[in-house]
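Top to bottom, those sequences are chains Y and G.
Mapping of the first sequence onto UniProt numbering: position 92 corresponds to residue 92, and the numbering continues sequentially without gaps.
Mapping of the second sequence onto UniProt numbering: position 144 corresponds to residue 144, and the numbering continues sequentially without gaps.
Hints listed in this document are in silico derivations from the structure and should not be mistaken for laboratory results.
Bear in mind the structure is a predicted one, so any value in this text is a computation, not a measurement.
Just so you know, not all the hints are guaranteed correct.
The calculated lysine to any residue pairs, modelled on SDA-like cross-linking and capped at a C-alpha distance of 20 Å, are [stated by the list, open to error]: (1) Y:K508 with G:T229; (2) G:K75 with Y:V23; (3) Y:K109 with G:T70; (4) G:K124 with Y:R410; (5) Y:K508 with G:G294; (6) G:K124 with Y:G602.
One-sided excerpt, in silico: chain G residues whose CB lies under 7 Å from chain Y [stated by the list, open to error]: (7) T62; (8) H77; (9) S79; (10) V85; (11) A123; (12) E171; (13) R232; (14) L234.
Ideal placement from N, C-alpha and C gives every residue a C-beta, glycine not left out.
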Amino acid sequence: MLDTFEIITTSGVVLWSKTYVPVASSLINNLIREVFVEERGANARAENSGGQKPTYRRDGYTLKWTAAKDLGLIFVAVYQSLLQIRWIDKLLENVRALFTELYRDQITKPNCSAVDCPFDQYFDRQIQELEKLDKDAGPQRGGPTIDVTPPTSDSNDNSADDMPPPPKPVLRTLNSNTSHDTTSTDVTPIPTPDASRPGTPRANHLLTGRPGLGGRGSRRSRKGMVAGNSAPVSSGDETPANASKKGTKGAKKMRKWDANGHADEDDGTTLDYSAPVASSNLSNANVEDSAEQEKWGTRTAKGEYMLKDIGDEMNAILSSANSNAGATNGDAASGLVGSSIGAISGLFRNVVGGKTLTKEDLVKPLKGMEDHLLKKNVAREAAVRLCNSVERDLIGMKTGNFTSIDTTLRTAMEKALRKILTPTSPLDLLREIQSTVRSSTKRRPYVISIVGVNGVGKSTNLSKIAFFLLQNHYRVLIAAGDTFRSGAVEQLRVHVNNLKELTQRQGKGAVDLFEKGYGKDAAHIARDSVEYAAAHAYDVVLIDTAGRRHNDARLMSSLEKFAELAKPDKILMVGEALVGSDAVQQARHFDAAFGVGRRLDGFIVSKCDTVGDMVGTLVSMVHATGIPVLFLGTGQHYGDLRVLRVESVVGLLMQ
Amino acid sequence: MAWYDEDSWLTQAVGPNIWAVIGTILLALTLPIVLHWFIYRSSVLAKTPSFLVLGPSGSGKTALVTKLETGHGSKTHTSQIPLTVQSHLPKSTVPKSWQYRSTADYETKAPKPLLLTDTPGHAKLRHYAYNSLASTTNPPTGILFVVDAADLSSSGTATGGANFALSDTAEYLHDVLLSLQKAYNNAKTSKAKEIPFLVAANKLDLFTALPAVAVKSTLEKDITRIRETRARGLLGVSTIGKGEGLGGNDEEGDDEREVLGGTSEGDFKFATMEEWNVSVEVVGGNAVGEDGPGVEGWWEWIGAQL
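If we strip away everything but chain G, and leave its shape as in the complex, we get (with noise of 0.2 Å):
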């Protein structure tokens, strides 16, 4: 039979029959709720906020993830790989997106999910971490960069050595801030979101912990040194042409030399950063041990991302 037959399918299914009727009603009604919950559903799924968790090794950026995560951490060891986990904020912490709401507010009582990305920090891969921050499909939300307090006031000076994992520490520090930086300035709409930094100071419950006011003085002072040895380093090689080979042309050279903060003059403070978008935040905490501020600080900015 063909289409146009009486009792053909498509006849049936647009005629005035009751089950027609019905049908398109159920369509119509049905359709708007299931696109709803789609898009809703995926955006949600999109949205939910990302820290980046950034340091030197031996900071405690895993015993921290893993802190946050279930309340009470666990043993951790050298990591390889990054590490991501979903955590909750806690009920004592409000996000500031919540600021207004009644605290009688039923979703009060949903805790907020967000994940946390643990980077491995040692030196041959810390490149998880640049590609991580690097990343356009899935900014980070904020960055938290957690510093070991207590190994930096072993500083040298005194004796003349350099105090490693003060070096490393800002290093690694001042390379993330300077990529921040840049990608800020090659950022095609210029409107890039505020990136908040927070400059963890982990380990406060040691004794020979710095306070996170001298953390953030003595990595500033060390960044400045840093940022007036790279302005007067060398140039990385590049490769000449189409990967011909290796060369330096100066030319290319300068334009890529991009300096923190945009000078090497003067002291380096963690306050010029905000002319390019990242706001950093010095909080002292610990992730591991019972006495201490523990955790609740870094809580505390952390909520006052979301």
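So here's chain Y without its partners, still in its complex pose (with noise of 0.2 Å):
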């Protein structure tokens, strides 16, 4: 069943939640981070377009959510991945409606964070209906569908620990831990009997008045039913009252539910031996229970009544709502006078701003967009995709007073682009080999190598960072990997001599060549130098790899096994600026290619300043990995090795 429910805003505060069993609050962090911020839920979103909320799994949970973008409001449902619950996205639809609809002042309020939101109430009250609605659609697979008992008499032993629960999320915690230990038929924490049993639902609720009766069993499923009525807040049954309340049955006939409560005599008499099990705990609950009624403001002579207010008036916030929606799509459709107008009031609003941006009308600006990002070579792939992102990001926004939608898909373009080149952590190589090499307790070459397609500048770059370690005065190894090539070796010499002589004006640092000619296998040659140079006292170890087409399946299979002999600290790929939709694909396949738990740690892109403008290709790797841009190629000489500026690539990428 259902662990947490939780009502975030974008700015990360939690306006409200609803635990049932805990979960660790990184859970939610991680979806924030890795799908919202740094939007690598690829197959998240696949899923989203078939109409279903989009889930997010980890350490055995499963997560849904759902926005409300204008609000900034994240919905997430949090259980466990063992379970499959149906209703969950009719769940997340509903509370977004009410929850939305109830605290829309309170969340729009500027600054301030805070929102005075009683929701929980309503919150249950969702719960049992949706439930109960899953019951009724399919009674017989209640079983298996909600995962828990058989639907028999035999609830006797589970009713004792489950029933008890009263509508306070505290103690529903508490009972649902009990169940876990006492009945393992029963895997799942409260709500669970509603669903599992048919005609129980409300029974569910009685609990709360039960205390109060004590034994009294003769009355019991008469009780049951009028409870049930008054379900979870009705804790007042406590109170004198209940003797008035049985006599109201004006209540009870507005329920529509009315019959499964008659359905369910047994259960009310098992239900109660669970109660004076549970009465010291229920009887704090009505206490605080009444207290929140209070607060809330409404009646609280019968609870019945209150009740039925909070459920109507649910009831008519999502019809509103759902009327609302109808009403959007109706318009589209409407006659032409009010097409007419709704469009010259587009118009208008387009130039005024502070119009709700619809699907309709971004197709246009995006499709240009798109076209624009894939005449500067962004792969198609990646283009689709960003802009399938800031679709979504604008869709329900108002545009800003004055702006256009093509001002507002602009920034909403530079805003995404800007988040993706931006690494996650900070890339400074020479830091890390700086706390590798000066570490007191093991000393060891720092080990960078470096791959790619053939062609793509591998060696040349490769002799461009040594020069860049070497103004930094480190020892360096280069190892000639390429065995393959023929001239290979003879290019990195020749590398070897010009950057030796450099050094040697410099005074400081070295530089060797570790080669063993021809033929062998490039995997032991690479394990070897790194002994060589731990032998040695080198600083960085440089590797140097055959070129390999990105889809041949054979070339790329002995990568893994270099990856696991050397252990490089740096796996670094080529990729040249020039390359087309290519580079998605090749990104890919050389990040997949060192075995599971390894991956490419970033790229280099090389002859940047071949391509102008047209500087997608760094799009579209990183959009492909998530891996980042370390250095830029841009040029002939040594010297002209660059890190990526996020600013000036964004700034290009826009005109």
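Given two chains presented individually in distinct reference frames, assemble the corresponding complex, making use of the accompanying hints.
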């Protein structure tokens, strides 16, 4: 069953939450970080398309969420992945509608983070109704879907543990824990019995009133129905008022689930056994509950009325939300006059701003934006995904004052690009090398290896990095791992000789070539070079590799062994800025080539000076893998190595 | 009738007529008052002091902000957008501008409002923070840089692996200070206002947390290291010409490479930042949790800036 339900603002404040079983808060943090910030959950997004709410799975939990864009709210439901809860989507939907409707004013208040939201009752009610609906839809399937006890009369012992839950969340948690301990059949936390056992839904809540009754078994079933009507909040049952309540049949007629209440006389009897167990808890709960009622401000004399109010209010809100949705849909199809007026006001709004963006508004500008990105050499796949993510961000948003859709879209796209290109963790190669090399405990060389497709400039960029490291007075060993292409070793030797000369002038640092000729296994050469470097006090080992086609499984498979033997600290892939949509595939294949648990650490994008402003390759590669760009090659000289500056690249792309 | 007729509205309005006299007197009396109110009100609104809350992800910025706002704080998760809240100095904290006031002064009874802006700390979302730092329309009165003191302490020097939290924090702090330094250097008017900068060592209620002094020295040490490698690192790519493409112009590169604290030699001390009108202070506290120093120290600091 549901473990936790939280309503979070995008600014990170939890507005309201309900915890049945505590889950680590890092779970939701991870969801936010990976899905919302880093947009890694490509699969989660894909599921979104089927009308289902997106899901995110981690550590045996499933998180489903939905968002209210205009208010900046995220609704997250957490439950164990073992369970299948069919009504979760509906719950998210309804809670979103209710919450946004009820607390819109408070949420939109500027300069304020706290929202005073007594939402518990609405939520409990929603859950009950959805469970009931679910059960009604498939009473037979109640068992399989919700993964619980067989819906038979053996519920005696279950109910002893399960039934007492009073509406207070605290107690539910408590009870659910005991149920976990005692009955192995009933895996799910509290509300389970509702769904599992046809006819008990209200029985759950008559519990609230039960302790006050003591053990008067004879009237129990009738009592049960009445108390059931008054549902979660009717804690007042405990008070003398219950006598009068029994008489109030009027309220009961309003309940459409009357029949169910009647159905479970037996359950009512069994339930009673549980009551004494939890009575102490319950009395507390009742006190708190009634306090809450008072705060709530509705009438407390007869619990039923108040409840009915909530139910009605809730339904009214939901139906109005639905009809609103219907209305907006209908608008598009309305008559000629309506549509033309709409079009004119739409145009006007487009100029003045303050327009709520819909999918239709965005189709054309997004197409334009996509074309623009394609012209900048962004791979189609990346461009489409970027546009989709921007679209998702923008739908339901209001444009600012005096900003057109295009401008809004542009800013959103800039933001998206910046977000993609900015690395998640700081990239300071020198610092890492320093902390490795100068570590007091175990001295070892820092190993960097370079992979890539043929002819993208692996050796050239390797020697540029070597030059950069030499400038910083490190002792560098270059390993010639390309044992395949003729001339590869000689090419590196030329570089090494050049660099040697430079270092001699400088007087610090050293560079040497480690080579074993052609035809040997590159992985072993790499390992030997690392050992050699460790023995001869080199600081950094740079391993060159043979170029390989990324879609050739035979060539790529040797990379896994290579990563295993050489254990590089950094594996960098060189990709040229000239490549078009193939960049995505290259990046993906190389990223996946090093086996489980080892990924690429960064990209070097070479030949950036040759493409002018068409630097889309950068975006394609980062977007495909989420791996940052470490260096850019910008010329023919050793010094022409640069680090990425996000601002300038975004500027170029958005021109 | 023409405007110069005797009973035209214009003549009536300026004529020796009792209503005209009353109207004129009223106007003469109320106009200054209205003007005063208008100007006074607007200037007060503009001057609500605003504090910017920065720091890496997970250091407790949002928790701190909500704590300062409501007094009890709320559960928080990773932020995606900035959040601005209005808060009031607690009664116990006396703003600096009131230090010579009598405690019986009526004004001390009215809580002083201030704005706190929380920024997302995730590396991909720090541009919000840098933008508000560089904002010229509403420059922050002070900056709170929240660090997780409990995370810094597990410094992984012994294992050889760098402590990620520490390097991330130090890097962010370095970049923020550097951008402040650049802003000062590029300022047109030489007399830039001093920017108070508080490094708030959060989570001091935890057992593993470093005390504020240790936080200060750890960060200084790490920033020294960052400054060193930054000075020797590669240049950022720049756009050639009018956005023709990417390239590296070394001539242009030199002046953009500015080292925090002017030089990469020697150890970095927060005190050196005073040269750039940034006064850094490190104060410990905890935004959540019962024991520990709480937020008192931070309120004191905020009060001292008002």
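Here's how the hints hold up against the structure:
1. Y:K508 with G:T229: holds, 17 Å
2. G:K75 with Y:V23: holds, 13 Å
3. Y:K109 with G:T70: Status holds; Cα separation ~15 Å.
4. G:K124 with Y:R410: holds, 19 Å
5. Y:K508 with G:G294: Given pair K508 (chain Y), G294 (chain G) is violated - Cα atoms ~52 Å apart, limit 20 Å.
6. G:K124 with Y:G602: holds, 16 Å
7. T62: holds, 4 Å
8. H77: This interface hint holds because 5 Å falls under the 7 Å limit.
9. S79: OK, holds: S79 (chain G) within 7 Å of chain Y, min 3 Å.
10. V85: holds, 5 Å
11. A123: holds, 5 Å
12. E171: Interface hint status for E171 (chain G): holds (4 Å vs cutoff 7 Å).
13. R232: Status holds, d = 5 Å.
14. L234: holds, 5 Å
Violated hint for the displayed structure: number 5, the only one.
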